[in-house]
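These protein sequences, in sequence, are chains B and V. First residue of the first sequence: 177, per this note's numbering; consecutive thereafter. First residue of the second sequence: 456, per this note's numbering; consecutive thereafter.
Note that these hints are calculated values from the structure, not bench results. If you're wondering where the values come from, they're calculated on a predicted model, not measured in any experiment. Please note that a few of the clues may not be correct.
List of simulated lysine-lysine pairs, DSS-like, C-alpha gap at most 27 Å [unchecked claim]:
(1) B/Lys195 - V/Lys523
(2) V/Lys720 - V/Lys618
(3) V/Lys720 - B/Lys200
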Amino acid sequence: MSTPLACEVDTLIGVKWQKPPLVKRAWLRWTLIAGFAGYLVAAFLTIEVNWMRVYEGLDRGAAFVLAFTSPDFTSRAGDIWEGMVESVVMTVTASVVGIAISIPIGLGAARNIAPLPVYLACRGIVAISRALQEIIVAILLVAIFGFGPLAGFLTLSFATIGFLSKLLAEDIESMDRVQAEAIKASGARWTQWINYGVQPQVMPRLIGLSMYRIDINFRESAILGLVGAGGIGATLNTAFDRYEYDTAAAILILIIVVVMTLEYLSGIIRARVQ
Amino acid sequence: MPVLEKDGVRVWQRRSRSESLIRWFGWLIGVAVFMYCWQQISAVTTWFFVVDAPRIAGDIWDRATPPKWGYITQLGRPIWDTLNIATLGTIIALTLAVPTAFLAARNTTPSALFVRPIALLVIVSTRSINSLIWALLLIAIIGPGVFAGVVAIAIRSIGFCAKLLYEAIEEINESQVEAVTATGASRWQVMAYGIVPQILPAFAGIAVFRWDINIRESTVLGLVGAGGIGLQLSASLNVLAWPQVSLILIVILFAVVISEWVSAKVRGAII
Numbered sequence: 177m178s179t180p181l182a183c184e185v186d187t188l189i190g191v192k193w194q195k196p197p198l199v200k201r202a203w204l205r206w207t208l209i210a211g212f213a214g215y216l217v218a219a220f221l222t223i224e225v226n227w228m229r230v231y232e233g234l235d236r237g238a239a240f241v242l243a244f245t246s247p248d249f250t251s252r253a254g255d256i257w258e259g260m261v262e263s264v265v266m267t268v269t270a271s272v273v274g275i276a277i278s279i280p281i282g283l284g285a286a287r288n289i290a291p292l293p294v295y296l297a298c299r300g301i302v303a304i305s306r307a308l309q310e311i312i313v314a315i316l317l318v319a320i321f322g323f324g325p326l327a328g329f330l331t332l333s334f335a336t337i338g339f340l341s342k343l344l345a346e347d348i349e350s351m352d353r354v355q356a357e358a359i360k361a362s363g364a365r366w367t368q369w370i371n372y373g374v375q376p377q378v379m380p381r382l383i384g385l386s387m388y389r390i391d392i393n394f395r396e397s398a399i400l401g402l403v404g405a406g407g408i409g410a411t412l413n414t415a416f417d418r419y420e421y422d423t424a425a426a427i428l429i430l431i432i433v434v435v436m437t438l439e440y441l442s443g444i445i446r447a448r449v450q
Numbered sequence: 456m457p458v459l460e461k462d463g464v465r466v467w468q469r470r471s472r473s474e475s476l477i478r479w480f481g482w483l484i485g486v487a488v489f490m491y492c493w494q495q496i497s498a499v500t501t502w503f504f505v506v507d508a509p510r511i512a513g514d515i516w517d518r519a520t521p522p523k524w525g526y527i528t529q530l531g532r533p534i535w536d537t538l539n540i541a542t543l544g545t546i547i548a549l550t551l552a553v554p555t556a557f558l559a560a561r562n563t564t565p566s567a568l569f570v571r572p573i574a575l576l577v578i579v580s581t582r583s584i585n586s587l588i589w590a591l592l593l594i595a596i597i598g599p600g601v602f603a604g605v606v607a608i609a610i611r612s613i614g615f616c617a618k619l620l621y622e623a624i625e626e627i628n629e630s631q632v633e634a635v636t637a638t639g640a641s642r643w644q645v646m647a648y649g650i651v652p653q654i655l656p657a658f659a660g661i662a663v664f665r666w667d668i669n670i671r672e673s674t675v676l677g678l679v680g681a682g683g684i685g686l687q688l689s690a691s692l693n694v695l696a697w698p699q700v701s702l703i704l705i706v707i708l709f710a711v712v713i714s715e716w717v718s719a720k721v722r723g724a725i726i
C-alpha cells in the first residue's frame with residue numbers, strides 16, 4: 177500500500193537516496209575494483225592445491241580436532257614440563273633484559289629529549305630490530321651461539337628492544353612539556369629532570385606496554401624451539417612429527433592457558449596503573 | 456604526605472616507611488626470580504661456544520658477503536607466492552573475522568550467555584598460537600605447500616582482526632543506531648546503516664595493518680614447508696649457501712619495508 181505513495185514521493189523529490197560510495201572518484205573506484213579482481217584471478221590461477229591430498233588429510237584434521245577433547249598431558253609429561261619451564265625462563269629473562277635496555281634507547285629515540293646524533297643512532301637500532309623477524313634472528317643466533325635457550329633469550333631481548341623503545345619514544349614525544357619544564361625551572365639536573373619530569377608521565381604506559389610485551393615474548397618463545405633456540409617449540413615439533421596429536425593438543429592448550437592468564441593479569445595491572 | 460623527623464627537622468619523603476619496605480621486598484623477589492631464571496639458562500649453555508661467538512659471527516659474515524645477486528632470478532615465484540599467502544590469508548581471515556566480531560561484541564551478540572563466550576574462545580585460541588605453529592599443524596594435515604600457508608595465515612589472523620573489530624563495535628555511538636532503529640529499520644538494516652558505517656574506517660585500518668603483519672609472517676612460513684620465500688631460505692640454510700641466504704634476507708627486509716610503507720600510506724589516507 178505504501179509502494180505507489182513512495183513512487184509518487186520519488187517523482188516529487190527526485191532521485192532515490194543511495195549509499196555514498198567509499199571511494200568518491202568513480203574512475204579510481206573502478207580501477208581499484210578491477211585491479212583487485214585481476215589480482216585475485218591471477219593468485220587463484222597460480223596456487224597449486226593438491227585437492228586429493230587435502231581430502232585425504234581431512235581424516236587427520238578430524239583426528240586432531242578430536243584430540244582436543246582428550247589431550248594427553250601424561251605420557252610426555254617430563255618433556256612438556258621441561259619445555260614449558262624453559263619457555264617461561266626465556267620469557268622472564270628476555271623481558272627483564274629487553275625492558276632494561278629499551279628504556280635508555282627509548283629515551284634516546286625521543287626527539288624532544290635527545291640530541292640529533294643520539295636520536296639517529298637509537299632510531300637506527302629500533303628500525304633494525306623491528307625489520308628483522310624473531311625467527312630469522314633466532315636462526316642466525318643459533319648458528320652463532322649454538323643450540324639452546326641462550327639464543328632464544330638473546331632473540332627475544334633483541335625483539336623487545338625494537339618494540340618497546342619505539343612505543344616509549346613515541347609516548348615521550350607526545351608528553352606534556354609544561355610539567356617537564358616546571359621541574360627544569362626548579363634547577364634540576366638532567367637525571368632529576370628525567371626522573372621527576374618525564375618518568376611519571378610515561379610510567380603507566382611503559383608498564384602497560386611491558387606487560388603486553390611479556391605476553392608476546394611468551395607466545396614467541398613457543399616457536400623459537402622450531403629452529404633450535406629452546407623452549408616448548410621443540411617438544412611441539414616432535415609431537416607433530418610423530419603424529420602424536422593428543423600430546424600436541426595438550427601443549428597447545430597449555431600455551432593458550434598461559435597466554436590467557438598473562439593477558440588477564442596484564443589487564444588487571446594495566447587497569448591499576450592507569 | 457610522608458615526612459621523616461630528622462634532628463627535629465621534618466624532611467619530605469616520596470614514600471612512607473611501610474610503602475618503601477613493600478617495594479623493597481618486591482624488588483628483592485623480582486631480582487631473585489631473574490637470577491634463578493638466568494642460572495637455568497646459564498646451566499644449559501655451552502660457554503665455550505659463546506666465547507667463540509665473535510669468531511663464528513665474523514666467519515659467517517665473510518661467507519655471506521657479497522650476496523649472490525644472480526640468484527634473484529629464481530626468487531620471483533617465491534615472492535609472488537609469499538604475496539599470495541599474505542593477501543589471500545588476510546581476505547579469508549577478514550570474511551571469517553567479521554561475523555565472529557559481531558557475535559563477540561557485547562552490543563550486537565545474539566546471546567551474551569552462550570554465543571559470546573564461544574566467539575571469545577575462538578578469538579583467544581586463534582590469536583595465542585603463532586602462525587608457524589598453525590602452519591606446522593596444517594602441513595601435517597593437508598600436506599606442504601602454499602595452500603597450507605594461506606590457511607595458517609588465515610586462522611592466525613581471525614583472532615587478531617576479530618578482537619580489534621569487536622572492540623571497535625563496542626565503542627560505536629549508540630545514538631546513531633537508535634536513530635536508524637527509530638525509522639523502523641529491521642535488524643539487518645540497523646546493522647548495515649547504523650553500525651557498519653561507523654566501524655568501516657576501523658575495519659579498513661585493521662585489514663591493511665594485518666596485511667602488513669601477514670607479509671612479514673608469510674616470509675618465514677616456508678621454514679616449516681608452507682610455501683613462499685622461506686622455502687628458499689631454509690633450502691639455502693640447509694646446504695650452508697650463505698651468499699644465497701644473505702640475498703634472501705635482503706629481499707625479505709625489502710619486502711617488509713615496502714609493505715610497512717604501503718600500510719602506513721593507506722592507513723594515513725583512511726584515518
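Quick rundown of the hints versus the structure:
no. : hint                : verdict
1   : B/Lys195 - V/Lys523 : 54 Å, violated
2   : V/Lys720 - V/Lys618 : 23 Å, holds
3   : V/Lys720 - B/Lys200 : 18 Å, holds
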